[in-house]
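Q: The residues making up each chain are set out below.
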Amino acid sequence: MILDFEKPIKDFEARISELHRLAGSNEGLQEEISRLEAALEAAKKRIYTNLTPYQRVQVARHPERPNFRAYRDALADDFYELSGDRLGADDPAVRGGLARIGGHPVVLLGHDKGADVKTRVASNFGMAHPEGYRKAGRLYALAERLGVPIVALVDTPGAFAGRGAEERGQAWAISADLMELARVPVPVVAVVIGEGGSGGALAMCLADHVAMLENSYLSVIAPEACASIIFRDAKRAVEAAEAMKITADDLLAHGIIDEILPEPLGGAHNEPGAATEAVARAVEAALSKLSDSEPEAIVKARYERYRRIGAHLSAGEIGGAPAEPSLGGVGE
Amino acid sequence: MILDFEKPIKDFEARISELHRLAGSNEGLQEEISRLEAALEAAKKRIYTNLTPYQRVQVARHPERPNFRAYRDALADDFYELSGDRLGADDPAVRGGLARIGGHPVVLLGHDKGADVKTRVASNFGMAHPEGYRKAGRLYALAERLGVPIVALVDTPGAFAGRGAEERGQAWAISADLMELARVPVPVVAVVIGEGGSGGALAMCLADHVAMLENSYLSVIAPEACASIIFRDAKRAVEAAEAMKITADDLLAHGIIDEILPEPLGGAHNEPGAATEAVARAVEAALSKLSDSEPEAIVKARYERYRRIGAHLSAGEIGGAPAEPSLGGVGE
Amino acid sequence: MPDTESGLASTDGVFTKCESCGEPIYEKDLASRFNVCPHCEFHYPLSAPDRVRLLADAGSFQGRDDGMLAGDPMGFEGYEEKLAAARKKTGLDDAVLSGTARIGGHGVAIAAMDFRFIGGSMGSVVGERISRTMEFAYDEGLPLVVVSSSGGARMFEGVYSLMQMAKTSVALSRYMSGSMPYVSILADPTFGGVTASFATAADVVIAEPKARIGFAGARVIESTTKERLPEGFQTAEFQKEHGLVDRIVHRLALKNDLERFLGLLS
Amino acid sequence: MPDTESGLASTDGVFTKCESCGEPIYEKDLASRFNVCPHCEFHYPLSAPDRVRLLADAGSFQGRDDGMLAGDPMGFEGYEEKLAAARKKTGLDDAVLSGTARIGGHGVAIAAMDFRFIGGSMGSVVGERISRTMEFAYDEGLPLVVVSSSGGARMFEGVYSLMQMAKTSVALSRYMSGSMPYVSILADPTFGGVTASFATAADVVIAEPKARIGFAGARVIESTTKERLPEGFQTAEFQKEHGLVDRIVHRLALKNDLERFLGLLS
Ligand SMILES: [Zn+2]
Ligand SMILES: [Zn+2]
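Protein sequence lines correspond, in order, to chains A, B, C and D.
Counting from 100, one number per residue, gives the positions in the first sequence under this note's numbering.
Counting from 100, one number per residue, gives the positions in the second sequence under this note's numbering.
Counting from 2, one number per residue, gives the positions in the third sequence under this note's numbering.
Counting from 2, one number per residue, gives the positions in the fourth sequence under this note's numbering.
In short, the hints are calculated from the structure, not lab data.
Yeah, the Cβ is synthetic: ideal placement off N, Cα and C, and Gly gets one too.
Warning: the hint list may mix true and false statements.
[Claimed, not checked] Which bits of chain B does chain D cover? Going by a derived footprint, with three or more residues having C-beta under 8 Å, they are:
1. 100-106
2. 111-122
3. 231-237
4. 257-264
5. 283-292
6. 398-405
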């Protein structure tokens, strides 16, 4: 799949490839090829360093973007998969198990969007059912029991708007995961590798260290849905994406996440190895840093981290309120 | 419903009632009535103090035997019912909530066999589905959170042999209840008020104080099923009931339970108030006794209580084994 | 725009018409019954101040954290105007009231949401006041009562609204490490981030009759899955049948129900 | 009566016929493959000693609590004779072997059940040895591996057999309060009181391919509910699909699988 704004890049690539075919030993063409290659690099840089928030959403959703499996393979020396919620179902939208990352035994889990039509459908395009949230909850409890950190790879459009998911209490299931992550006395590291949609994402990224890939996003609602509710026009998703501040840059600026992981020019799908490598290094570093802390200190720091997030003006601040509202408790 | 062995009693009662109708002021008949009344009392006593184990099973299953609701009303000053497993279903075969018993706030739960055809069918005749065991588990966790004792009233033919119950993991659900009861740091008091069938019953009576009504039973398997498996003849249930030692008397003798609660002559169904009163008094006494202990001491005592139950001969005991096997650890 | 608190349009300033049963209702009757139709018992929305009036012993409520106002962290088009209009309409700072009260003599920490304020959406102020209520209850050893009524997250605050789920969860998690009870009351409607965080993680979940409760709304589900939803989908009764709600309690019996519960544990 | 350990009848002392695929199997092949058919990979029952041989590093197994024998607490008709016959047939004291071993160099406490001994039923000896294994593992800080294969409770011991569920549960509960892992392996068949106590309350539940696992057996369910059960009902694969089993592992890959798991945590 080629995204709209990727067209110029793809055009250059096609012309270069065509010239290579014609070139043989024709030296005149070699020059033209070099010229085009320079133009390609320039176009890549121009386009990919100036992506709009909505374009990043499109990159985050790219079907060829590396998925859970790719990161799992890059991260884990071994991955010992576990299945099921122990209640009656196994949701393939959430995968997890024991793994070893940079010498640390961990519980590794994430949303799995699947890799082809069949697995994409089976995993409901990465939208977990209640059973998936409960599988995650079971893995959190396992991490606590074994005293190993949790590493979560977030990649979901969000919770699923479906009858069964409601009948089986998806809100209750998400809430239970949040409560479990809030108190679990082991380090929790989360990386948003693609889509970070709503409560479905949060159920895996209430964490001690949250990293985001450069072209991932984290949002309370899909930009299309936000546009259709607030602007009453789903087509204004571009604006909504802009307005909600959902990119890694914005979230870092607002003190919500800890780290942005750069993607190769052209996005993770153009050079998966570079992206998975970046995630692996970041996770290892975070685990090493957190492994020095006592469980109580980790839970306390996690409490304080989330407890302070808010953009409210307390009574005292209002009298002589500055032109720029002081974002209560954010940052420092 | 009149049980076979109750016939003589019912006959006396019918004749007495008939004579009353005829009597008016006829003094001759009064004498006959007195004679019959004495005979009735004697028959009741003779029959009900000599029930065979299988007859007790029949009494325990009597459709008019007081059920969970009757005991609940007698026990609890107030009963604040809670519903559901918080996962997607509410099993009416298990009922529970907060209650106050003799001044103690408690979590009260039990098997509810229903009271008429409709509620009996709805509650699957007291055979819980996995959702019922999980509702119980949720109530155990609530008791721990609030720091209040658990009071469980056991009355189930056993776990349910059904497709859905297996698909949704009833074995896993029972096991989770047992694990929860094994560790919950609050007093647990259980009373078998009717049937105590298999793992389904045990999931509510791994307790610190276990009482049984005189005509209740507690068995690893229904006598009929035992007979059909071991004797290959379900009709030999009478023998199986005898052989498995499932009555309150036997269980007290074997050190499995703590207390037998006497029923009125003729069984609890003939005088429900007396039975519910006996249960209420026993539960209050047990709660008062246990409320003095520290949580750690309670859990430790519970561990030791169940850890020692077994009829095995250790290597050392075998050489000069006595004619009567010494039942390893039982008694004391 | 509805001109009574119940959301019903007044016909003549004295009478209104029940949208559920069609009967005319004397407006004063509706108010005295806390917006429950005297004919069909339909529960109309109840403001946060009236909710507190319904539940708290007379004169016992003491507000906390009043005067806290929403910032506009995203500079979101139209948010300031929305806030100003909601404040004017409701007389509230935001979609929640919080403080302490006595219920049947039992001291509690209490928070009540107000659906009239931008659909009871959870932004930073709601998250902060709910969290402070939990912290206060934890510190003081008080039972916690939260009444929810919310369309979900306040999108205008972007990721801040999402993060209020995390904030209230850490605050609630700490509260739940104590041994005081938490009762969550769900009023029509309760959806989205509120249901998926503090509103369902309670010891006891009570819902008002026919209140709609869920994560995604029925309309969204129907448009996403093209599926016809069954009668009564997501009502309190439906959710109780599905083991997710403990009790359905008529609004006029709610205070008594809480008194019973609190009394049992005291 | 089957005269090979796999349960298959020997045809001539050299060859036997696979009940699953019908192919003739050289008996020595079957033994060297731990009773897995070389043609269709069907897993026949495996004795407890062979199970230990399969999993433990050569020479590392050290039995514990050997010599413990069942009493006959109920004086149950025919039980003594059953026990004597089972002891003679299997050479075991009861339906379980237990002790310590190394698996890929990792020290573990291990117990393995033997279905040949009165259907792997759980009586006092099984309950006691499993519990002692858990206690020893807890005290020594060892990972725990239990291989189950059981028709359920040993009815001959009456309420004692029921109470072994309680006994193993308290022992396991204490073990789980530590931080060493517990792996439960389910072999065909695992039912009743074993499934409803220690066999399913594990950190990791592994099942052998096609092993039948459940509480009530399929025949009992069909006769109780008159319902036709679906193809593959209660197989390991079915239970994994229902979220109840973590992994399905071929018997000949089982040792390696455990080594991976133990290696991850060490
Ligand atoms: Zn009406
Ligand atoms: Zn074969």
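Q: Determine for every hint whether it applies to the structure shown.
A: Taking the hints in turn, this is what the structure says about them:
| no. | hint | result |
| --- | --- | --- |
| 1 | 100-106 | violated (count 0) |
| 2 | 111-122 | violated (count 0) |
| 3 | 231-237 | violated (count 0) |
| 4 | 257-264 | holds (count 6) |
| 5 | 283-292 | violated (count 0) |
| 6 | 398-405 | holds (count 3) |
In terms of the numbered hints stated before, the structure departs from hints 1, 2, 3, 5, listed from lowest to highest.
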